[in-house]
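Undergrad: Could you put the whole structure together from the sequences, leaning on the hints where they help?
Here the protein sequences line up with chains A and B, keeping their order.
Here this note's numbering is used: position 212 in the first sequence is 1027, and no number is missing along the way.
Here this note's numbering is used: position 147 in the second sequence is 223, and no number is missing along the way.
Keep in mind the hints are simulated off the structure, nothing from the lab.
Any given hint could turn out to be false.
As the list claims (entries may be wrong) - Pairwise CB distance ranges (calculated): (1) A:Ala1148 <-> B:Val246: 47 to 57 Å; (2) B:Arg283 <-> A:Arg1055: 37 to 47 Å; (3) A:Arg1303 <-> B:Val307: 37 to 47 Å.
To be verified - Taking beta-carbon pairs under 10 Å as the criterion, some of the chain A residues facing chain B (in silico): (4) Leu987; (5) Gly1122; (6) Lys1145; (7) Leu1146; (8) Gly1150; (9) Pro1155; (10) Gly1176.
Idealized CB from N, CA, C, for every residue including glycine.
Listed here are the chains, written in short residue letters.
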Amino acid sequence: MPAEAVRMEGIVKRFPGVVANAGIDFSLHWGEVHGLLGENGAGKTVLMSILYGLYQPNQGRIFFRGKETKIRSPHVAIQLGIGMVHQHFMLVPRLTVLENMAVGWEPRIGPLLDRRAMRRRIESLISDYGLEVDPDARVEELSVGEQQRVEILKALYRGAEVLILDEPTAVLVEQEVEALFSTVRALKEQGKAVVFITHKLHEALEICDRITVLRRGKNVGTLPASEATEERLAEMMVGREVVFTVTPEPVSSQGQVLLSVEGLQARDDRGVPAVRGVSFEVYDHEILGIAGVQGNGQKELVEAIAGLRQPTGGRVRVGERELTGQSPSKLAAQGLVHIPEDRHLRGLILTFSVEENAVLGRHRQPRFAVGPWAQRRRAIRIYAQELVERFSVSVPSLSAPVRTLSGGNQQRLILARELSRDPQVIVAVQPTRGLDVGGMEFVWEQFLEARRNGAGILLVSMDLDEVMMLADRIAVMYQGEIVAVVRRGEATKRELGLLMLRGKGAVD
Amino acid sequence: MRWIRETGPVVGAITLALGVGAIVTALTGYSVPQVFRHLAVGAFGDWYRLAQTLTQATPIIFTSLSFLIAFRAGLFNIGAEGQLYMGAFFAAWAGFSFQLPPVLHPIVCLLFGAAAGAVWGFIPGWLRAKRGANEFVTTMMLSYVAINFTSWLVAPGGPFHGTAWANQTVRIATSAQFPRLLRGAQLSWGLIVGVLVAFLVWYLLFRTPRGYELRAVGQNPLAAEYGGINVTRNMILALTLAGALAGMGGAAETLGTHRRFIELFSPGYGWDGIAGGLIARAHPLGAILAAVMMGALRAGGQAVDRAGVAPADLAAVIQGLVILFVVAPELIRYFRRLVRRKKLGDIEL
Ligand SMILES: Nc1ncnc2c1ncn2[C@@H]1O[C@H](COP(=O)(O)OP(=O)(O)OP(=O)(O)O)[C@@H](O)[C@H]1O
Ligand SMILES: [Mg+2]
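TA: Following this line, the structure appears as structure tokens:
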């Protein structure tokens, strides 16, 4: 019997309007990777936040190394050797990797920062765990995957023996996932304990030793990964069978161009050209997928289309209208909706209530307002209620700030809001990020339904499986250009992967 | 429930500040019971004193609203003092230049005051939105411009120098004056107008699409832009409204308290509005309470000084402590949020 690192007993955590954890038992062994699965809002993040000292449980006890322990703050947790990497990182973009590590945790010689000792320690951590990153690079210059490595490094540097990773793979591309897995395996070999929260069942099966499934704040079972299958896990999570793939039925396009992009150019935040003459059309009854490794201009492309970034050249048409560089409200008036990549940065106002967020972008429409000087509060409330029900967004209450929603439920709220606008054109970036298996299935079906009804969809995703499953055509973006467009089934995953990594050179 | 959660810490902070004030009083060798009795009696002792407190609270209601409406949109209006002066002067000008029937006349004067303040808010708003000029600096600079400009207007040789014995305009017409609420006290209808305006600002912020947009821009400009909200226009609007509110405060002073424009009439009501707005946690109805508290501290402090139990400085220290204790956590929270916004995001829940 391996020694227990952490045991949580009967953890109860209530928030106004919800019971996030309803008496959860959870145990974590040294030298294991423990998967934590469950639907959106099941209580995974809250449970781990309690272990990390961010929340105090209403009831229940925590044993650390066999001793009952009160974890009053993250500071206490860090001193005990518990580290947590949140899905949204907490780094200071302007500082270097090294400086970020030092924030609040400086080794000192007298009053001076002992940079040399720090660098040595970090360099050895980097090589021990394969956390490749340049200690002197500024965080703002790093890719998401690298930033995640910095967060892990930070936790290890602070002496983490227990490491909690909250949906670490949601932001990673496949190659990065591989790298993360080898880091996790190295941690395990060192005898550390890792909690791995994910919605991707195959990942859980691959990397975890044991898996615990939460449902509605309760532990419905802990089992060895060797005894688990995707079907069984999904069934435990949702309480019913779940399909993992959908098949778009053949529909015939009328050949009507709904979104046309011609020679579009745009610069990134630093002023470097990021979109370099991109052209494509999205037809009615069609899903056009854009595949590519993150940072190849997809973000700028989408923003330039959606009116959030001024293009430096080229044209954007929605239906018959030219709308290059027009405001989001003009685009919305032509039936274009945008599901943004970053829900905290763009998609939601975290301090606003569920109701208020439900009408963001439509708050001026006659349905919800009488001119600029009065809101129709009842209509807003009823509408928010509808959205929440139709998309199964679990919320503490309609007037609760969306900050208190679980990550996946925040994403559902955005999807609910945008897809309920009866769009002609949908520009969606990573629409299923952070959703549970049931949620993904639902969103895919919504997309296919929109397609059946004649909408044109531009689907930007780093998840190649998702793009290959849904898209009628796939455009591969590489270094700001579209290097290939293939029809469904015309290219294998491997071929697409090569195109994404090397651009046109891959074909030669 | 929510009400208690929000006001609880404020009440706690005030109590704590008064406690520390008591310690300071004792340490400096003055009698704690005497000083605090005079503070309380001076502020609330009888109808006349209460009226005095409310008279001083009146302009602070307006300047607090001015500060908080900009704050809600993510902007700092540090220039309420100057906007107050602009409003006070132009209300006076409309008061002695026009001949209008009683009820209409003060309304027109109030609108003139609001418009003058609005111009003084619009300029920094426009500079911020179009040129990126920091409103913190521009509102403050314009504030000094306004104070000096209005002083010049009523100085000897200035165009509106109205009386030989002081730098002030002539009296405004009787028809323009706000009626007094209590015989022998300066307290006027200005207070009632202030309370009404506070409710209006509350309605604007929390019950209209305009207010929704203003707050959205303050909370998350990127999401606001995504939601089709014109960020720069709302910045201009917020500072213009802030100026208008402070301008109305100046107008209320002219119409109700002084009945003319007097140079340098304000003992710092504009600055009190910053503290008032923060103490109110940027809530318009809280601004009424915060302003009364600030007014009480002013009136009580004057009473302590007059009674000779302690110098005015000590009263000022106690005032300062209250403001510091209530405002400091709010400011720290605000700056933390700024810093955090610069980092990559928030905690994922
Ligand atoms: N600070 C809070 N205030 C109120 N309710 C909260 C708060 N934090 C979490 N909740 C609620 O607790 C429940 C569990 O949330 P939690 O974040 O643990 O879900 P999760 O399992 O991590 O889901 P996801 O997969 O979507 O991230 C949710 O219903 C959420 O709305
Ligand atoms: Mg979560």
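Undergrad: Determine for every hint whether it applies to the structure shown.
TA: For each hint, the structure was consulted:
no. : hint                               : result
1   : A:Ala1148 <-> B:Val246: 47 to 57 Å : 55 Å, holds
2   : B:Arg283 <-> A:Arg1055: 37 to 47 Å : 43 Å, holds
3   : A:Arg1303 <-> B:Val307: 37 to 47 Å : 40 Å, holds
4   : Leu987                             : 15 Å, violated
5   : Gly1122                            : 9 Å, holds
6   : Lys1145                            : 8 Å, holds
7   : Leu1146                            : 9 Å, holds
8   : Gly1150                            : 14 Å, violated
9   : Pro1155                            : 6 Å, holds
10  : Gly1176                            : 4 Å, holds
When the structure is compared with the earlier hints, violations turn up for hints 4, 8 and for no others.
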